[in-house]
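Which chain is which? The protein sequence lines are A and B, in order.
Numbered per our numbering, the first sequence spans residues 128 to 608.
Numbered per our numbering, the second sequence spans residues 128 to 608.
Just so you know, not all the hints are guaranteed correct.
If chains are identical, the list can't say which one is meant, so a pair holds when it fits in one copy or spans any two.
[As the list claims (entries may be wrong)] Pairs of lysine-lysine, DSSO-like flavour, derived with a Cα cap of 30 Å:
{"hint": "1", "residue 1": "Lys414", "residue 2": "Lys269"}
{"hint": "2", "residue 1": "Lys338", "residue 2": "Lys526"}
{"hint": "3", "residue 1": "Lys338", "residue 2": "Lys152"}
{"hint": "4", "residue 1": "Lys414", "residue 2": "Lys526"}
{"hint": "5", "residue 1": "Lys414", "residue 2": "Lys252"}
{"hint": "6", "residue 1": "Lys420", "residue 2": "Lys244"}
{"hint": "7", "residue 1": "Lys438", "residue 2": "Lys511"}
{"hint": "8", "residue 1": "Lys244", "residue 2": "Lys548"}
{"hint": "9", "residue 1": "Lys152", "residue 2": "Lys597"}
{"hint": "10", "residue 1": "Lys526", "residue 2": "Lys152"}
{"hint": "11", "residue 1": "Lys269", "residue 2": "Lys283"}
{"hint": "12", "residue 1": "Lys438", "residue 2": "Lys526"}
{"hint": "13", "residue 1": "Lys252", "residue 2": "Lys438"}
{"hint": "14", "residue 1": "Lys597", "residue 2": "Lys526"}
{"hint": "15", "residue 1": "Lys144", "residue 2": "Lys414"}
{"hint": "16", "residue 1": "Lys244", "residue 2": "Lys269"}
{"hint": "17", "residue 1": "Lys244", "residue 2": "Lys511"}
{"hint": "18", "residue 1": "Lys269", "residue 2": "Lys420"}
Please keep in mind that the hints were generated in silico from the structure rather than gathered at the bench.
Since the model is a prediction, treat every value here as computed from it, not as a measurement.
There are 2 protein chains.
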Amino acid sequence: MFDTDVYVRRRRALLEKMSCLNEGKRGIAVFPGNAEAPQNYRGNDYRFRQDSTFLYFWGIDEPGFAAVLDLDSGDEYVYGDDVDIEDIIWMGPQPSVASKAARVGAGNSAPYREFDKAVREARAKGRTVHFLPASRYYNTLKMSSLMEIPAEDVRKVAPVSDGDRTLTASEELVRAVVSMRLVKEECEIEEIDKACDIGYRMHTEARLGCKVGTPEQEIVGRMEGITISKGWGVSFTTILSQNGETMHNHSHNQIITPGRLLLIDAGAESNTHYASDFTRTYPCSGKFSTRQKEIYDIVESANELAFRLAKPGITYRQIHLAVAGHILEELAGLGLVRGDVEEMTAAGIAGLFMPHGLGHNMGLDVHDMEDLGEDYVGYDEDQKRASQLGLGNLRMARKLRPGHVVTDEPGIYFIPALISKWKEEGTDRGFVNYQALESYHDFGGIRLEDDVLITADGARRLGSRRLPVKSSEIEEIMSRE
Amino acid sequence: MFDTDVYVRRRRALLEKMSCLNEGKRGIAVFPGNAEAPQNYRGNDYRFRQDSTFLYFWGIDEPGFAAVLDLDSGDEYVYGDDVDIEDIIWMGPQPSVASKAARVGAGNSAPYREFDKAVREARAKGRTVHFLPASRYYNTLKMSSLMEIPAEDVRKVAPVSDGDRTLTASEELVRAVVSMRLVKEECEIEEIDKACDIGYRMHTEARLGCKVGTPEQEIVGRMEGITISKGWGVSFTTILSQNGETMHNHSHNQIITPGRLLLIDAGAESNTHYASDFTRTYPCSGKFSTRQKEIYDIVESANELAFRLAKPGITYRQIHLAVAGHILEELAGLGLVRGDVEEMTAAGIAGLFMPHGLGHNMGLDVHDMEDLGEDYVGYDEDQKRASQLGLGNLRMARKLRPGHVVTDEPGIYFIPALISKWKEEGTDRGFVNYQALESYHDFGGIRLEDDVLITADGARRLGSRRLPVKSSEIEEIMSRE
Chain A
128 MFDTDVYVRR RRALLEKMSC LNEGKRGIAV FPGNAEAPQN YRGNDYRFRQ DSTFLYFWGI
188 DEPGFAAVLD LDSGDEYVYG DDVDIEDIIW MGPQPSVASK AARVGAGNSA PYREFDKAVR
248 EARAKGRTVH FLPASRYYNT LKMSSLMEIP AEDVRKVAPV SDGDRTLTAS EELVRAVVSM
308 RLVKEECEIE EIDKACDIGY RMHTEARLGC KVGTPEQEIV GRMEGITISK GWGVSFTTIL
368 SQNGETMHNH SHNQIITPGR LLLIDAGAES NTHYASDFTR TYPCSGKFST RQKEIYDIVE
428 SANELAFRLA KPGITYRQIH LAVAGHILEE LAGLGLVRGD VEEMTAAGIA GLFMPHGLGH
488 NMGLDVHDME DLGEDYVGYD EDQKRASQLG LGNLRMARKL RPGHVVTDEP GIYFIPALIS
548 KWKEEGTDRG FVNYQALESY HDFGGIRLED DVLITADGAR RLGSRRLPVK SSEIEEIMSR
608 E
Chain B
128 MFDTDVYVRR RRALLEKMSC LNEGKRGIAV FPGNAEAPQN YRGNDYRFRQ DSTFLYFWGI
188 DEPGFAAVLD LDSGDEYVYG DDVDIEDIIW MGPQPSVASK AARVGAGNSA PYREFDKAVR
248 EARAKGRTVH FLPASRYYNT LKMSSLMEIP AEDVRKVAPV SDGDRTLTAS EELVRAVVSM
308 RLVKEECEIE EIDKACDIGY RMHTEARLGC KVGTPEQEIV GRMEGITISK GWGVSFTTIL
368 SQNGETMHNH SHNQIITPGR LLLIDAGAES NTHYASDFTR TYPCSGKFST RQKEIYDIVE
428 SANELAFRLA KPGITYRQIH LAVAGHILEE LAGLGLVRGD VEEMTAAGIA GLFMPHGLGH
488 NMGLDVHDME DLGEDYVGYD EDQKRASQLG LGNLRMARKL RPGHVVTDEP GIYFIPALIS
548 KWKEEGTDRG FVNYQALESY HDFGGIRLED DVLITADGAR RLGSRRLPVK SSEIEEIMSR
608 E
């Protein structure tokens with residue numbers, strides 16, 4: 128948890144941003160914290176994860192809390208229940224809710240049931256209730272009941288005109304929160320650096336575990352153990368697969384096999400819930416084949432290109448397109464595509480090989496604020512999202528500003544089903560050399576990812592040390608390990 | 128996953144049990160599988176955990192499935208969606224839903240939306256829809272919408288008379304499922320043995336990590352890493368604390384400190400989702416103080432007593448009471464209580480020192496089937512739950528039968544807040560020597576837990592090897608490690 132004044136300052140800034148609304152008719156902003164999430168039954172819950180926006184403004188990292196910011200009066204309320212003797216037996220003595228509220232500088236506290244009452248009373252008085260789209264089903268149920276709207280509308284976002292009955296989540300509140308969380312404060316960057324250092328250790332363990340004959344599951348356990356020993360746990364479900372061409376492969380039931388590539392996309396969350404997210408791809412035998420090295424080096428140079436271009440003023444969409452062009456140019460050199468690089472880039476040919484975006488924002492969530500809506504988070508108001516594969520999947524397109532934290536994660540994959548589909552449907556407009564591609568059907572995929580902070584005049588890779596990434600360096604290290 | 132015939136046999140047995148209902152008016156039994164559970168936003172989900180009853184009858188360990196058993200015709204339906212090209216890019220090629228249904232011997236399969244239709248159609252025809260109380264909020268929302276009942280009623284259980292509109296979860300279905308899952312099959316016992324072997328390894332790692340100066344969190348990470356390397360993960364959130372007097376202490380932010388006791392209650396879940404659950408308590412310095420050893424040996428002998436008594440025919444309530452009596456007798460020997468042991472036991476004095484029950488059922492859930500209702504699972508129809516602290520918290524009271532799997536977990540704790548409360552309110556009726564207790568206020572707590580299978584003529588501790596438990600053995604091993 129940060130110092131008290133961090134939270135006070137953030138809520139003051141939010142109040143300021145929401146003052147664009149008509150004075151005296153601003154209403155209240157409500158923040159239901161997360162409840163426990165049952166794993167197999169209630170009481171056997173997943174590891175508790177607080178709602179990120181609640182953490183950002185109210186800091187309390189426990190279930191059963193909610194908060195209200197009165198946008199007209201500026202009053203702040205934290206709701207939660209003090210413990211009784213039953214709770215003390217099971218969970219030990221706890222500080223009071225009042226002291227927890229005071230710790231984050233909030234002036235008022237009350238039992239949890241008063242939160243429901245506050246929302247209902249505000250509505251009864253015709254005041255606008257600003258809420259954020261709920262991710263968890265518990266909060267969906269809760270807000271649906273408090274606002275008397277269907278569950279599916281709790282996740283819709285639209286402008287909330289003052290005085291009107293609130294029917295959806297509040298676009299005004301979403302935009303205000305995004306504008307703040309998008310630009311990381313010094314204290315946040317320190318935490319992301321810590322998460323990256325845990326990520327460095329978990330990936331080092333993974334590389335050490337990448338030995339022919341080892342079960343994938345074995346390596347995943349060792350990596351995740353580190354994230355729990357040093358932080359909150361993983362920032363997302365670990366991807367560790369010899370089928371790197373499958374983007375979100377969460378099965379780990381294979382054995383490390385000679386000649387294949389092992390793609391590991393994994394990150395840690397610090398004890399304060401900031402994320403890291405790295406990807407490395409290793410040759411299972413310790414040495415790349417010529418073909419693997421060729422593709423690997425293209426991806427590595429694409430990662431480096433993106434990093435070199437990153438600085439305030441350029442959009443991440445422009446960098447994505449520069450990377451797409453670079454990849455196409457290099458693949459043309461291998462004879463896998465043919466034609467003018469600019470034309471191919473415009474036609475979206477890179478999407479066949481990299482069907483995802485170059486990166487995303489990262490912070491308290493690994494895909495930062497994705498619950499608030501991808502386009503609100505990743506697109507400036509004058510940007511429209513593309514529809515083509517690859518560029519259309521870009522989560523972060525905005526003009527870069529100092530304090531942005533983004534991932535830089537180009538990749539090249541050979542996905543047999545996608546190649547067949549493009550061939551059948553002629554999506555490639557003649558740019559793709561399908562015959563040359565045939566021998567790549569069992570190649571798999573390669574992705575290389577770092578976490579990058581945009582600074583005043585450029586960019587910095589986060590974490591104290593960068594994971595080895597050059598193909599020669601990887602081979603050299605793996606031959607020693 | 129087990130062989131096909133296991134699932135076929137189970138569903139046939141369920142059908143048989145439900146045939147107590149009026150012929151032709153039995154209706155349908157519905158099994159919504161679990162959906163993904165969002166961690167911080169949808170798409171960044173907790174590790175997927177299937178609903179245990181769904182796993183038991185339908186075996187499919189993936190999100191997005193549901194099933195229906197027609198209790199009149201015996202027809203079986205599995206609902207789920209086949210993958211399209213988008214899914215193949217992100218998740219790789221997948222077997223068809225039809226082949227997954229066939230793998231578990233179910234005759235019919237259909238897209239997921241047909242599940243909703245099947246439930247609505249059955250209701251429109253006036254057929255009874257039997258469902259189980261939902262644990263997850265997603266399924267709560269789903270069943271509330273399909274059955275058109277308030278969300279809170281989805282968790283209520285009552286008899287469902289045929290022909291009537293179904294307003295709650297079905298007691299008939301709950302009882303039928305409990306009667307089956309309570310008695311473990313051979314193939315299930317093998318899996319529990321495996322989970323216990325992983326538990327043995329995680330607890331061994333914990334003992335090795337219990338060294339003065341080590342952060343608790345460090346040890347937790349090493350333990351949990353093993354559960355992920357060898358199985359699905361932990362079967363419940365690890366309790367590892369030097370405040371053993373707090374039953375469900377989930378914070379691990381202390382450093383191992385000389386002279387204290389480290390209580391570790393933790394278990395693993397096998398890849399097929401069977402649980403283990405062990406507790407050990409170690410002296411942080413490697414050697415018990417005289418006082419610690421005295422209390423430890425009482426708990427250890429209580430654990431042994433329960434194991435020796437466990438066999439078909441006796442109730443677990445009787446064993447709980449025998450253990451309570453034993454603990455009181457020994458505490459009387461130390462001068463902490465005084466009076467007739469039988470009278471003290473009847474007065475529930477043991478609850479001051481052991482405010483929980485002796486154990487619970489264990490299987491696909493660590494507290495097996497707790498989502499179906501503790502009393503349905505742990506109490507025979509002729510048993511009523513007590514209200515006093517300790518005995519009233521007993522989750523498993525039933526008459527033991529071969530195939531039952533229960534935990535044996537006595538403990539002794541010194542909980543300052545509870546002691547003060549009893550003293551103030553005179554709950555102890557003069558049996559407690561508060562003066563002698565005063566010097567135990569900083570003692571903490573000790574619990575020792577094994578997992579036990581009831582056999583034809585006795586009991587067997589599960590797992591290939593038992594974790595060291597005798598105080599002398601613990602000290603001897605820790606002095607070597």
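Results of checking the hints against the structure:
1. Lys414 - Lys269: neither (54 Å within a copy, 51 Å between copies)
2. Lys338 - Lys526: neither (42 Å within a copy, 51 Å between copies)
3. Lys338 - Lys152: This pair counts as neither: shortest intra-copy Cα distance 64 Å, inter-copy 60 Å.
4. Lys414 - Lys526: The answer is neither: 39 Å in one copy and 62 Å across copies each exceed 30 Å.
5. Lys414 - Lys252: neither (70 Å within a copy, 65 Å between copies)
6. Lys420 - Lys244: neither (63 Å within a copy, 52 Å between copies)
7. Lys438 - Lys511: The answer is within: 21 Å in one copy meets 30 Å, while 70 Å across copies does not.
8. Lys244 - Lys548: neither (55 Å within a copy, 33 Å between copies)
9. Lys152 - Lys597: Neither: 58 Å inside a chain and 69 Å across chains, both beyond 30 Å.
10. Lys526 - Lys152: So lysine 526 and lysine 152 fail the 30 Å test inside a copy (33 Å) and across (65 Å) alike.
11. Lys269 - Lys283: both (15 Å within a copy, 19 Å between copies)
12. Lys438 - Lys526: within (9 Å within a copy, 71 Å between copies)
13. Lys252 - Lys438: Answer is neither: 48 Å inside a copy and 65 Å across each miss the 30 Å cutoff.
14. Lys597 - Lys526: within (29 Å within a copy, 65 Å between copies)
15. Lys144 - Lys414: neither (54 Å within a copy, 60 Å between copies)
16. Lys244 - Lys269: both (13 Å within a copy, 26 Å between copies)
17. Lys244 - Lys511: Neither. Shortest intra-copy (40 Å) and inter-copy (38 Å) distances fail the 30 Å Cα cut-off.
18. Lys269 - Lys420: Classified as neither: same-chain Cα gap 53 Å, cross-chain 50 Å, threshold 30 Å.
Violated hints, listed in ascending order, are 1, 2, 3, 4, 5, 6, 8, 9, 10, 13, 15, 17 and 18; each of the other numbered hints is respected by the structure.
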